[in-house]
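Q: With the hints as a guide, bring the two chains together.
Chain order of the listed sequences is S and B.
Taking the working numbering as reference, the numbering of the first sequence is continuous, increasing by one, and the terminal residue is 397.
Taking the working numbering as reference, the numbering of the second sequence is continuous, increasing by one, and the terminal residue is 242.
Keep in mind that a hint or two might mislead.
Unchecked claim - Cut-off 25 Å, straight-line C-alpha distance, at most; resulting in silico cross-link-like pairs (DMTMM-like, lysine to aspartate or glutamate):
no. : chain 1 : residue 1 : chain 2 : residue 2
1   : B       : K49       : S       : D210
2   : S       : K330      : B       : E46
3   : S       : K330      : S       : E294
4   : S       : K147      : S       : E173
5   : B       : K49       : S       : D129
6   : S       : K136      : B       : E46
Bear in mind the hints are in silico, worked out from the structure with no lab data behind them.
Only a predicted model underlies this, so the values are computations on that prediction, with no experimental measurement involved.
Chain residues, written in single-letter form:
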Amino acid sequence: MEPYKTCKLFGAVRVILGISDAIALIHSPIGCAYNLRYLLTARGAKVRRIFTTNMGEREVIFGGEAKLKKAIKDIDERISPNLIAVLTACASSIIGEDVDLIVRKMRDNVNAELIAIHSGGFEGDQIDGYREALKKVLELVEDNEKEDRCVNLLAVYRYGLDLKETLGILSEMGINVNSILTAKTKLYEIKRASKAMLNVVMCEASGLDAARFMEKRFDQPYIVPPLPIGISCTTEFFESISEFFRINPSNLKEKERTAKEKIKEFRKKLEGKRVCIISGASRAVPLLRFVDELGMIPVLVSIDRLGEETLKRLNKASKELGLSPIILKEPEYSEVLNAVRDLKPDLIIGGMYEKSFSLELGVPICDVMHSDQLTMCYKGAVNLAEKIARVIPSGK
Amino acid sequence: MGKKVLLIGCDPKRDSTINLVKRQLKPLLEVIMEEENVKFEEVVHEGFNGVLCVEIGGPEPGIGCAGRGLLLAFRTLEELGVFDLKLDMIIYDVPGDVVCGGFAVPMRRGFAREVYIVTSGEYLSLFAANNICKAIKRVGARLGGIICNSREVEREREIVEEFAKRIGSKLIGFIPRSRDVHLSELNGKTVIEFFPKSETAKIFRKLAENIWKNRDLEIPRVLTLNELKELR
Chain S
2 MEPYKTCKLF GAVRVILGIS DAIALIHSPI GCAYNLRYLL TARGAKVRRI
52 FTTNMGEREV IFGGEAKLKK AIKDIDERIS PNLIAVLTAC ASSIIGEDVD
102 LIVRKMRDNV NAELIAIHSG GFEGDQIDGY REALKKVLEL VEDNEKEDRC
152 VNLLAVYRYG LDLKETLGIL SEMGINVNSI LTAKTKLYEI KRASKAMLNV
202 VMCEASGLDA ARFMEKRFDQ PYIVPPLPIG ISCTTEFFES ISEFFRINPS
252 NLKEKERTAK EKIKEFRKKL EGKRVCIISG ASRAVPLLRF VDELGMIPVL
302 VSIDRLGEET LKRLNKASKE LGLSPIILKE PEYSEVLNAV RDLKPDLIIG
352 GMYEKSFSLE LGVPICDVMH SDQLTMCYKG AVNLAEKIAR VIPSGK
Chain B
11 MGKKVLLIGC DPKRDSTINL VKRQLKPLLE VIMEEENVKF EEVVHEGFNG
61 VLCVEIGGPE PGIGCAGRGL LLAFRTLEEL GVFDLKLDMI IYDVPGDVVC
111 GGFAVPMRRG FAREVYIVTS GEYLSLFAAN NICKAIKRVG ARLGGIICNS
161 REVEREREIV EEFAKRIGSK LIGFIPRSRD VHLSELNGKT VIEFFPKSET
211 AKIFRKLAEN IWKNRDLEIP RVLTLNELKE LR
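Okay, chain B solo, but in the shape it has when bound (with noise of 0.2 Å):
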């Protein structure tokens, strides 16, 4: 779509920008820890078709606390003048489990404007995409819309629909199960890169387009175990 875009990986497994910059960039957090004045350049990187990207990093599984390493990035990233830079938009990976505030950083205010929750229609999937509901309340984020990540789970667009409409928002985008996107992660590529010409892509791309069109963006309404259970 030509437009200039920014991913900023919020995930310390430090996978985020890998298919896009097709190495493992040296963290954010590292850099920050090793070096007195961090550079611009030390963490910002150009990927494929000029994506810009930022790997936050953090600490080892079960040691340290990750939470406060993203609190740390942020306002490193803020200091370096990255959300200053003339962007068309800028896309927050974050886990999906925002179990601390740290992890909440990027819904706050002066980031993330709008939140993309990516689910499958499997049961537990919901339940945690409607626990991340919880996080973006009390944030006072927005909720974008829902994006299912098929499962081949029966009835998925259906159930995932009606979870969307119950939170208060809609499903924006349906990404059916593919070797596509298999195949172009064992190649460290994206599909778009790797399969271009592929329904996947065309998927992806028109993603994409709801997503820069979207101007829905709702508090969401937080769903009970039992009207979580009734969506099947």
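Extracted from the complex, chain S is given alone in its bound form (with noise of 0.2 Å):
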């Protein structure tokens, strides 16, 4: 099969590199940091480094305790991060290398903090590897007394210019950020994080059990509104964020109906245009509802991965807006590829991995996930619809 989804390393090690203060150390063979680090940084992100113990034949067969050990210490001295996460691979995860009874064993012989994350590939996807790790990351909060207005922000994937607008508005409406795992988050933040009134789940897939985590640790509640991306969605966020701490926003609905109006001059070229939204969880119902803000027809949704209440939140957004598109639910490349050939669309809402076959099947594409343009918010919303709005090739 061609996969549409990645392995659980590739979730975990995400958590690791949000945290700006911490290493990522890999137990396993060159492979797997040299790979992850080149593919993170076609996809654009400022990737900081992730170190292997370069695990081979003899670490495999006779264990690589003594490696790992050596570059913890390696780290430890040369580096001096804050934290250190031992993350272990398929290799490491086969063999069954103790890396808990190591960490245990190293605490007391390094200044980093220690912990150890068990992200074996093959354990699961890369959704599961990021659900896991945050929550193992969660693991080090301290408590601390609640601050009024203060929220976290869980599963933030990337730190860009859309985490920058949000910020922007959040603070605008008087909130607090306290945390943001993990996106260039120090270590004194995480420890921090019990300090917030409320979690604001970003990605519902990966971020929903460490949520429940700190309800249950830290009696914190949370929401789980939909990402800001679109004009519906974006008022939606910030207003699930203003009704818990029953504040006002003022400038809010200022803000949508500036943008509503900026919006209608593209409507008129893409009206009636019809789309497939290639996605993930969090971001395929906001996108539902952003396409038909434009005018224009979803007749595809795929979601290389599900969360809980993702089919659900999607059927529902669907029913409301009288659309009825294909789902496809963590499908294979070829579904997709078929099913887009098929439908012969005027446009593709997706990310790099599309790229491919909107080459393939000349059917222009507009990229959303990345952190070097705005997508998100109120601006992000006009931004995206000017930028579909010059894909589409005009007389269609």
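A: Written out as structure tokens, the structure reads:
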């Protein structure tokens, strides 16, 4: 099969890369670290370093404890991060390397905080990896007094224009963002995560578990609003937070109105155009609603990995808007390709992976999955609308 | 003794619980592979005298990775809450060759607190027992004692007692070679069930009592080849 998802390690390492004073040390052969770095850099992320213990035949057969211990010591001495996260990969996971024990033994020998994450590739997919690694990291959270109007953002994948825009609006609303888990987050910000009065889950599939953990451990309620992509979802996102704190965000409605006005000019060109949405769980519904806001018709929604609520939310949104797109649930590559080929849409909204068949099928694509373009919040909606209008050829 | 016991069979041969539940259980690993959500009742079964039984299973000989199987099995048992049950004792029946990381899992923190090694007085049996001590040390587990399963070797008790002493432990039970065991097995039962009044049954009960009362748990000393050879 040709996969549309990837392995557990991929997700787990993302959590650690989001912690700026942490180092990811993968107990693995060189390929895992090299390939991940290569891939993440190609996606446009400013990737920090990914370390490996360089397991070879010897370590697989005889165990890799010596190399792991040495690597931990080296990193602690040469780089002095505040946190070293040891991640298992397929090789160390299959041989049952007891990384928990090794980490316990090494704790007193190093200055850095040390945690072990079980992320052998075959153990699950990237969402499983992110989900479990995030929970593990949250075990570092310390007890703190709660502060009012204070939130955490859980399961944030990128620190880019979208996050900055979101933070800006929250700041205007008088909401203090305590910890972002995890994007350019420092260890001390993780430790203080218990200060927040509310956890806002950004990616339902990978962040819900962590939210439940924080609720149980620190009595923090959580909400899972739609991602702020498109106008209505942006409003819903911020209103769900303002409602929780019983505040009235003064200029939210103003921004909404302005955005709706600006979008009108693009609607003329986009009205009636047919769109295939290829995304993850958290973007599927917002993109569906946004496409509808632009007067376009979503004919396909393909979701690479479902969360617990994804289908329910998608069906609800489709019904409310009177839409009936074909829904692909965790499909293989060929299923997506064939579906798009059969539907002959005017546009694909997706990411880097979709660029390949965008070219093959001659269907324009709008890539919405990266950090150096604004896609979220009101400005992002207008930006996307403009970009989509540009990408779709006229007079079709 | 009226205690609530759980037996977890950790051998891919899946023969640990067979004389308690009177049939070969569908192994936990097979259930995991077939079902999306594994249910407690599918993997924990009650056997003779109320003993709870779990048979982990594993790949057929010559294929796959049994060690990895154990890792997955223990994780699943944790998720099912098996280790949170109100039990007096959990017994892990682990094969004598701790051949890879996975087979040491039952001895790791959070699982078995004490390890008992079953050996005879034969040289190569003691060799294997000594080898297991290496794993115990590495994992940071504790040895509770040596159980001798007699092969009627000359001066066997003396030899095994000496071995136990040298590794820093003690002989906690001596099971004489007996037809009782053989016949009970043939009838698919334990000695306690099939020959409850026999000498052998009495010896097993004494062993159980000794284990229950045992508070001497040691980090074993690993013997050199020469030290092993001296035991005769």
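Q: Does the structure keep K330(S) and E294(S) at a Cα separation of 25 Å or less?
A: Status holds; Cα separation ~24 Å.
Q: Hey, K49(B) versus D129(S), does the alpha-carbon distance stay inside 25 Å?
A: holds (21 Å)
Q: Measure nothing beyond the straight line between the CA atoms of K147(S) and E173(S); if it is 25 Å or shorter, mark the hint as holding.
A: Within the cut-off at roughly 21 Å; holds.
Q: Does D210(S) sit within 25 Å of K49(B), going by the straight-line distance between their CA atoms?
A: holds (21 Å)
Q: Would the hint linking K136(S) and E46(B) be met if the CA-CA limit is 25 Å?
A: holds (23 Å)
Q: Starting from K330(S), check that the Cα of E46(B) is at most 25 Å away, please.
A: Holds, because 17 Å separates the two Cα atoms, which is no more than 25 Å.
Consistency note: the structure conflicts with none of the earlier hints.
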